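Fit chain P to the known structure of chain A by using the hints.
Chains A and P, in that order, give the protein sequences. According to the numbering used here, the first sequence is numbered sequentially starting from 223. According to the numbering used here, the second sequence is numbered sequentially starting from 3.
Calculated directly from the structure, the hints in this document are not laboratory data. Keep in mind the model is a prediction, meaning the values are calculated, not measured. Hints are not guaranteed to be accurate.
Said to hold, decoys possible - As a list, the in silico SDA-like pairs of lysine to any residue whose alpha-carbon atoms are at most 20 Å apart: (1) 420(P) x 293(A); (2) 260(P) x 482(P); (3) 420(P) x 279(P); (4) 252(A) x 372(P); (5) 420(P) x 140(P); (6) 420(P) x 250(A); (7) 252(A) x 429(P); (8) 252(A) x 422(P); (9) 260(P) x 22(P); (10) 252(A) x 279(P); (11) 252(A) x 354(P); (12) 252(A) x 421(P); (13) 252(A) x 360(P); (14) 260(P) x 454(P); (15) 420(P) x 258(A); (16) 453(P) x 149(P).
If you want the building blocks of each chain, they are given just below.
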Amino acid sequence: MSFSSDDIARLARLARIRLDAVETNDVREKLDAIFSLIDALQAIDTAGVAPMAHAQDVMLPLRDDIVTREDCRARFQAQAPEVADGLYIVPRVVE
Amino acid sequence: MSGAFGSIVELAAGLRAREWSCVELATDTLARLRDSQAAVNAFISVDEEGALAQARAADARLGAGDAPVLTGIPIAHKDVLMTRGLRTTCASRMLERFVAPYDAHVVARLREAGTVLVGKTNMDEFAMGSSSETSYFGPVRNPWSAECVPGGSSGGSAAAVAAGIVPATTGTDTGGSIRQPAALTGICGLKPTYGLCSRYGLVAFASSLDTPGPFAHTAHDCALLLNAMAGHDERDSTSVSRTAEDYARLIDANAGTKPLDGLRIGIPREFADDALEPDVVASVEEALAALRSLGASTLDITLPRLSYCVPVYYVVAPAEASSNLSRFDGVRYGHRAAEYDDLFEMYCRTRAEGFGAEVKRRILVGTYVLSQGYYDAYYLKAQQVRRLIAEDFTRAFAQCDVIAGPTAPTCAFTIGAKANDPVQMYLNDIFTIAANLTGMPAMSVPCGLSKQGLPIGLQLQANYFDEARLLNVAHRFQQATDWHSRRPS
Numbered sequence: 223m224s225f226s227s228d229d230i231a232r233l234a235r236l237a238r239i240r241l242d243a244v245e246t247n248d249v250r251e252k253l254d255a256i257f258s259l260i261d262a263l264q265a266i267d268t269a270g271v272a273p274m275a276h277a278q279d280v281m282l283p284l285r286d287d288i289v290t291r292e293d294c295r296a297r298f299q300a301q302a303p304e305v306a307d308g309l310y311i312v313p314r315v316v317e
Numbered sequence: 003m004s005g006a007f008g009s010i011v012e013l014a015a016g017l018r019a020r021e022w023s024c025v026e027l028a029t030d031t032l033a034r035l036r037d038s039q040a041a042v043n044a045f046i047s048v049d050e051e052g053a054l055a056q057a058r059a060a061d062a063r064l065g066a067g068d069a070p071v072l073t074g075i076p077i078a079h080k081d082v083l084m085t086r087g088l089r090t091t092c093a094s095r096m097l098e099r100f101v102a103p104y105d106a107h108v109v110a111r112l113r114e115a116g117t118v119l120v121g122k123t124n125m126d127e128f129a130m131g132s133s134s135e136t137s138y139f140g141p142v143r144n145p146w147s148a149e150c151v152p153g154g155s156s157g158g159s160a161a162a163v164a165a166g167i168v169p170a171t172t173g174t175d176t177g178g179s180i181r182q183p184a185a186l187t188g189i190c191g192l193k194p195t196y197g198l199c200s201r202y203g204l205v206a207f208a209s210s211l212d213t214p215g216p217f218a219h220t221a222h223d224c225a226l227l228l229n230a231m232a233g234h235d236e237r238d239s240t241s242v243s244r245t246a247e248d249y250a251r252l253i254d255a256n257a258g259t260k261p262l263d264g265l266r267i268g269i270p271r272e273f274a275d276d277a278l279e280p281d282v283v284a285s286v287e288e289a290l291a292a293l294r295s296l297g298a299s300t301l302d303i304t305l306p307r308l309s310y311c312v313p314v315y316y317v318v319a320p321a322e323a324s325s326n327l328s329r330f331d332g333v334r335y336g337h338r339a340a341e342y343d344d345l346f347e348m349y350c351r352t353r354a355e356g357f358g359a360e361v362k363r364r365i366l367v368g369t370y371v372l373s374q375g376y377y378d379a380y381y382l383k384a385q386q387v388r389r390l391i392a393e394d395f396t397r398a399f400a401q402c403d404v405i406a407g408p409t410a411p412t413c414a415f416t417i418g419a420k421a422n423d424p425v426q427m428y429l430n431d432i433f434t435i436a437a438n439l440t441g442m443p444a445m446s447v448p449c450g451l452s453k454q455g456l457p458i459g460l461q462l463q464a465n466y467f468d469e470a471r472l473l474n475v476a477h478r479f480q481q482a483t484d485w486h487s488r489r490p491s
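Bound-form chain A, shown alone (with noise of 0.2 Å):
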């Protein structure tokens, strides 16, 4: 496995994460050598097994569908960067 700068810089525009031509770097370098480990796993034969996502295949349970918690807005909101009348404020996006 071998990145290119365009491709770790398609990755970071995915996860929303700004690195400079240095920090591009590094990360391509790392990594390659991370996905050389991951790699081992294409020799292992797969073919039939069913995905394992979870610890335990159990259903998940259903719980009734009642109003049970207080009005936690401000509580939660107290903790955001910018507020204004009850509302999370970001940049403007339509113009």
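Coordinates of chain P only, in the frame set by chain A:
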């Protein structure tokens, strides 16, 4: 008084005999915490006022005469578990000033059980690491050697117990993050069966692997902590609903001179690894001989796909992390960049500034393995191999009751030695990852010291929900050995 290095069992007895009060115990603990902080850096936040208030309440509860065993026992939680009113940082700049609006389920359970919360422990950023070096708040140092790491990611929790600051802490284990630091600092650490302890309020790293669990000096103490931590929680959809059990019941039972009579211990031949330090091999061999002298028998078993655990983990965990950590976008909580032109740039700068290098790398690995065209080759493939590994373990547990071997291939390594080589760092977890992939319980018990005087851990693994037996085996081993009583100089 000095409660340093006292076990929960000893401290609880002293409280009931009125040798000391909960307030004295808390005051003593806080003094040790302050004194050790410059050398060990085990803590990110301390709550002196809160601790003393809880200790006063615990004294009142003890005075009333119906106090549970953990009443008044000082405890610290890994800073990835939410604590209402006390900041929870995940050792990241991203959450440097985040004060959780609610308690994690295990935090609430331990509060109800009467423990006195003194602070939050340092760790690898977002629990991603095996050395506790990637913390935004500086590395944790091993109480046994200031030049060495304490392991990770729950390194602060392990170091806080190993240094004799608190008798108990919580950690979380996604690939070995309780067991490996327990081994490297000479204490006990338990990763319970996945689903036994709720993940509610645990800031998610890899949701199908993350497991909260306890650290303490002894297996007996771990059993008492698990009694409080385990239990169904409808707010975690993966929390299992089971009848409550006493995990100390086998420990409390009378046993003769051969307390492990009839126990079958499987020794995987794959554990004979070239990367193992000779001192680790020798200590584990001695531990197995001690277990045999207690009546257990050992047999060779095989786990043919053990070597694939690390590659499977480094697909599954980053994939889940890239999804989980997408919530840190500078909108609802946490860090937001000061300068940006539009929303996209706000996200990118916020995450560039808020996350450290290892967290970014894992998000990028996860983004890649989940991206269009690569999902089947990596993520699906890893999930298939995960099933094959789990089947190997299920077959092994048809032949034996517990599996034993080293927790980590080496003793504590020097700070900085592996910091720039992620693959070498990842291989620290070669023996611990399997229990996370399968969801089975496992623990580390101190079993020796290297020639350099650094601790070595024995890992014991068991089948699903077999914690009582696992803890009993560790307890009987500790009754016959004194490695858990050795202290850093």
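Structure-based check of each hint:
1. Between the alpha carbons of residue 420(P) and residue 293(A) the distance comes to roughly 47 Å, so the proposed pair goes past 20 Å and is violated.
2. Distance restraint check for residue 260(P) and residue 482(P): the Cα-Cα separation of roughly 11 Å lies within the 20 Å cut-off, and the hinted pair is therefore satisfied.
3. With a C-alpha separation of about 16 Å, the suggested pairing of residue 420(P) with residue 279(P) holds against the 20 Å cut-off.
4. Of the pairs offered as hints, the one joining residue 252(A) and residue 372(P) holds, with about 18 Å between alpha carbons and a cut-off of 20 Å not exceeded.
5. With a CA separation close to 16 Å, the supplied pair residue 420(P) and residue 140(P) stays within the 20 Å bound.
6. Taking the CA atoms of residue 420(P) and residue 250(A), the gap is about 18 Å. The hint holds against a cut of 20 Å.
7. Under the criterion of a C-alpha separation no larger than 20 Å, the hint pairing residue 252(A) with residue 429(P) is consistent with the structure, at around 15 Å.
8. With a CA separation close to 9 Å, the supplied pair residue 252(A) and residue 422(P) stays within the 20 Å bound.
9. About 36 Å separates the Cα atoms of residue 260(P) and residue 22(P), which puts this hinted pair outside 20 Å; it is violated.
10. As the CA atoms of residue 252(A) and residue 279(P) are separated by approximately 26 Å, the hinted pair breaks the 20 Å bound.
11. The hinted pair formed by residue 252(A) and residue 354(P) meets the criterion: a straight-line CA distance of about 17 Å does not exceed 20 Å.
12. For the given pair, residue 252(A) sits about 12 Å from residue 421(P) by alpha-carbon distance, which is consistent with the 20 Å threshold.
13. For the hint linking residue 252(A) to residue 360(P), the alpha-carbon distance of about 10 Å falls within 20 Å, and the restraint holds.
14. Restraint check for residue 260(P) and residue 454(P): the C-alpha separation of about 33 Å exceeds 20 Å, so the hint is violated.
15. Taking the CA atoms of residue 420(P) and residue 258(A), the gap is about 18 Å. The hint holds against a cut of 20 Å.
16. Among the hinted pairs, residue 453(P) with residue 149(P) is consistent with the structure: their alpha-carbon atoms are about 16 Å apart, no more than 20 Å.
Hints 1, 9, 10 and 14 from the list above are not met by this structure, while the remaining hints are.
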